[in-house]
Amino acid sequence: MLSNITIGQYFPGTSFIHRLDPRTKILLTVMLIVCIFVSKGFMGFALIALFMLFCAKLSRISLKFIIRGLKPIAFIVSFTFILNLFLGAGTDVIWEWGVLSITKQGVRNAVYMAVRLVLLVTGTQLLTLTTSPIALTDGLERLFSPFKKIGFPAHELAMMMSIALRFIPTLIEETEKITKAQKARGADFESGNLLKRAKAMLPLLIPLFVGSFRRADDLAMAMEARCYRGGNGRTKMNPLTFAKIDLIAAGVFTALFAAIIVLNIFGIF
Amino acid sequence: MSDREYVIKAENLSFRYEGAERYAVDHVNLEVEKGEFLAVLGRNGSGKSTLGKLFNALIEPTEGTLTVCGMECKTEDDAFAIRQKCGMVFQNPDNQLVATIVEEDVAFGPENLGIASEEIRRRVRWALETVGMLEYRKNAPHLLSGGQKQRVAIAGVIAMKPEIIVFDESTSMLDPIGREEVMRVAKQLNRENGVTVVWITHFMEEAAQADRIAVVHNGSIAMADTPKKIFSKGQALKAFGLETPDMSYLAQELRSAGIMISDEIITVEEMEVELCRYKSNT
Chain X
1 MLSNITIGQY FPGTSFIHRL DPRTKILLTV MLIVCIFVSK GFMGFALIAL FMLFCAKLSR
61 ISLKFIIRGL KPIAFIVSFT FILNLFLGAG TDVIWEWGVL SITKQGVRNA VYMAVRLVLL
121 VTGTQLLTLT TSPIALTDGL ERLFSPFKKI GFPAHELAMM MSIALRFIPT LIEETEKITK
181 AQKARGADFE SGNLLKRAKA MLPLLIPLFV GSFRRADDLA MAMEARCYRG GNGRTKMNPL
241 TFAKIDLIAA GVFTALFAAI IVLNIFGIF
Chain P
1 MSDREYVIKA ENLSFRYEGA ERYAVDHVNL EVEKGEFLAV LGRNGSGKST LGKLFNALIE
61 PTEGTLTVCG MECKTEDDAF AIRQKCGMVF QNPDNQLVAT IVEEDVAFGP ENLGIASEEI
121 RRRVRWALET VGMLEYRKNA PHLLSGGQKQ RVAIAGVIAM KPEIIVFDES TSMLDPIGRE
181 EVMRVAKQLN RENGVTVVWI THFMEEAAQA DRIAVVHNGS IAMADTPKKI FSKGQALKAF
241 GLETPDMSYL AQELRSAGIM ISDEIITVEE MEVELCRYKS NT
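Chains as they are written, first to last, in the working numbering: chain X, 1 to 269; chain P, 1 to 282.
Calculated from the structure, these hints are not laboratory results.
Just so you know, not all the hints are guaranteed correct.
To be verified - Here are the computed distance ranges between Cβ atoms for each label pair:
hint : chain 1 : residue 1 : chain 2 : residue 2 : range
1    : P       : L250      : X       : N238      : 54 to 60 angstroms
2    : X       : I245      : P       : R184      : 42 to 48 angstroms
3    : P       : E118      : X       : P146      : 25 to 31 angstroms
4    : X       : K149      : P       : E76       : 35 to 41 angstroms
5    : P       : N139      : X       : R60       : 46 to 52 angstroms
6    : X       : L171      : P       : I177      : 21 to 27 angstroms
7    : P       : Q235      : X       : D217      : 36 to 42 angstroms
Claimed, not checked - Facing chain P, from chain X, some residues (calculated, C-beta under 8 angstroms):
hint : residue
8    : D92
9    : W95
10   : E96
11   : R166
12   : L219
13   : M223
14   : A225
15   : M237
16   : L240
To be verified - Covered by chain X, per the in silico footprint, the following chain P stretches (three or more residues, Cβ under 8 angstroms):
hint : segment
17   : 77 to 85
18   : 91 to 104
19   : 136 to 146
20   : 154 to 163
21   : 191 to 198
These numbers come from a predicted model, not from an experiment.
The beta-carbon is built from N, C-alpha and C at its ideal position, and this holds for glycine as well.
With the rest of the complex left out, here is chain X:
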């Protein structure tokens, strides 16, 4: 049950999108998010959606896979949709019942909000699917390194993130092991109400916590033994370099950004 979590799942490949510098991808994803939030109408969303489809096609990741990644947010999307639908402000009332009312503007807002959320997650998914966690943390470290001067712990954060990513599968494995061990001792994780089930998790969480502290201790020692002493004076096996493809990608994105702005200015929905 635990092994199908898709957070930070990387889909190895050698496509155009895969080969982009992680810094480019991070910055462009941020730009895409801005696009999603500034665009006000159907045309804008359609443009972004088309563009994402294009990126997905380029990255050679199957659409099925991307859609499967949307499943966890299905609840949030429908929740915001319903909330916006019934509680949205507006004047053109279509249907009314007590405090609940559906207005034309409300319907539009609800649909746009849902579309925004789906696009947002798809966009970030494209980033994490095509960028290895190591490249991602590397990119973040490099992007934030100018802020080191004012005391921002860029290297430490990147290190923490990559260690966390490294240990997620290990801890999942351990959770499964402990679950089995506790079940063998008669623990019941499946029956009872929510509170009872939450309580039943306790004998699972405590060994997991204790275990991860021990792991942290071991790992810290192993890192020290391998001459780790922070980010200063460290080199990289594969230093990040911007290439021509990064320039092309940036150009394409700027065009998209410009198109969205133009659509907004001229009020084309």
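Please build the complex by placing chain P on the supplied structure of chain X, with the hints as guidance.
Same frame as chain X, but now just chain P:
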């Protein structure tokens, strides 16, 4: 004595954990020769792992002196230099790999040393090739077997080009196949690359494969000699909470029953040869 080169030299080396009454390492005098395969044998809590940590400068001696490759650990920079010369492979294969990709993990040590990218790539390739893990270089560590993970950990150490590698019970969490793999790589490094190996263990069968065994008991070196000599002292070993290998024990029993075969037998094969020789003589 003078023509021998020692890479580790401990004189009255002692270490006491904070708040502990007893010394974990108690006035140890030990010399490790360059290119030697030394097994440090002792039961749980004997202080053998603490000794290993001292060699790697992970902890500082409370008393006495310890020289590793001619260096004493006085400052942080000394510790850094010593760790470069004396690498360490730990017990738990899961808890010593840092990166999410095998190759990146092997690069971790050299990256910390500030080596140029080009050279790191060369070293990573060489290290993975040496331990026979080159084909897994793009894999995620958690998908590997225990023995494979330990081999990656060894690659991570040798990529820093150390002169000594301390194996701190590196096989104790592995299955027999994994144990065999790790032992084979350690021996190969010792023989072909001239790396000095300090093999900390409580497995007799592993210690038996070393050039020399140092038996640790209550923080001090109780005996230090060749495996054959050590195992021939079955009674003494028992007092240190250690079991002699089955064949050594059998040899001693046979001798006490009047069958005078050699008392330096460790493996089944040696026993076979010796018994055949004995039979043809009588």
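Results of checking the hints against the structure:
1. Checked against the hint of 54 to 60 angstroms, the pair P/L250 and X/N238 passes, with Cβ atoms roughly 56 angstroms apart.
2. A hinted range of 42 to 48 angstroms for the beta carbons of X/I245 and P/R184 is consistent with their spacing of about 44 angstroms.
3. Checked against the hint of 25 to 31 angstroms, the pair P/E118 and X/P146 passes, with Cβ atoms roughly 26 angstroms apart.
4. A C-beta distance of roughly 24 angstroms is found between X/K149 and P/E76, which places it outside the suggested range of 35 to 41 angstroms.
5. Under the hint 46 to 52 angstroms, the C-beta atoms of P/N139 and X/R60, about 21 angstroms apart, miss the expected range.
6. As the Cβ distance of X/L171 to P/I177 is approximately 26 angstroms, the hint placing it in 21 to 27 angstroms holds.
7. Restraint check, P/Q235 to X/D217: a C-beta distance of roughly 39 angstroms satisfies the suggested window 36 to 42 angstroms.
8. The interface hint given for X/D92 is violated, since its Cβ lies 53 angstroms from the closest Cβ of chain P, which is over the 8 angstroms cut-off.
9. Annotation: X/W95 was flagged as interfacial toward chain P, and the flag is violated, the nearest CB pair being 52 angstroms apart, outside 8 angstroms.
10. Given the 8 angstroms rule on beta carbons, the hint for X/E96 is violated: about 55 angstroms separates it from the nearest Cβ of chain P.
11. Of the supplied interface hints, the one on X/R166 holds, with its beta-carbon coming within about 5 angstroms of a beta-carbon of chain P, less than 8 angstroms.
12. With 8 angstroms as the threshold, the beta carbon of X/L219 comes within range of chain P, its nearest partner Cβ sitting at about 5 angstroms, so the hint holds.
13. The closest approach between the C-beta of X/M223 and any C-beta of chain P is roughly 6 angstroms, which is under the 8 angstroms cut-off, so the hint is satisfied.
14. Checking X/A225 against chain P: minimum C-beta separation of about 4 angstroms stays under 8 angstroms; hint holds.
15. The criterion of a C-beta within 8 angstroms of any C-beta in chain P is met by X/M237, whose closest approach is roughly 4 angstroms, and the hint holds.
16. A least Cβ separation of about 11 angstroms between X/L240 and chain P goes past the 8 angstroms threshold, and the interface hint is therefore violated.
17. For the segment 77 to 85 of chain P, the assignment as covered by chain X holds, since 3 residues bring a beta-carbon within under 8 angstroms of that chain's beta-carbons and 3 suffice.
18. By the rule of at least three residues with a Cβ nearer than 8 angstroms to a Cβ of chain X, the coverage given for the segment 91 to 104 of chain P holds, with 11 such residues.
19. Check on the segment 136 to 146 of chain P: 4 of its residues sit with their Cβ under 8 angstroms from a Cβ of chain X, so the three-residue criterion for coverage holds.
20. By the rule of at least three residues with a Cβ nearer than 8 angstroms to a Cβ of chain X, the coverage given for the segment 154 to 163 of chain P holds, with 3 such residues.
21. Counting residues of the segment 191 to 198 of chain P whose CB lies closer than 8 angstroms to any CB of chain X gives 0, so the stated coverage by that chain is violated, three being the minimum.
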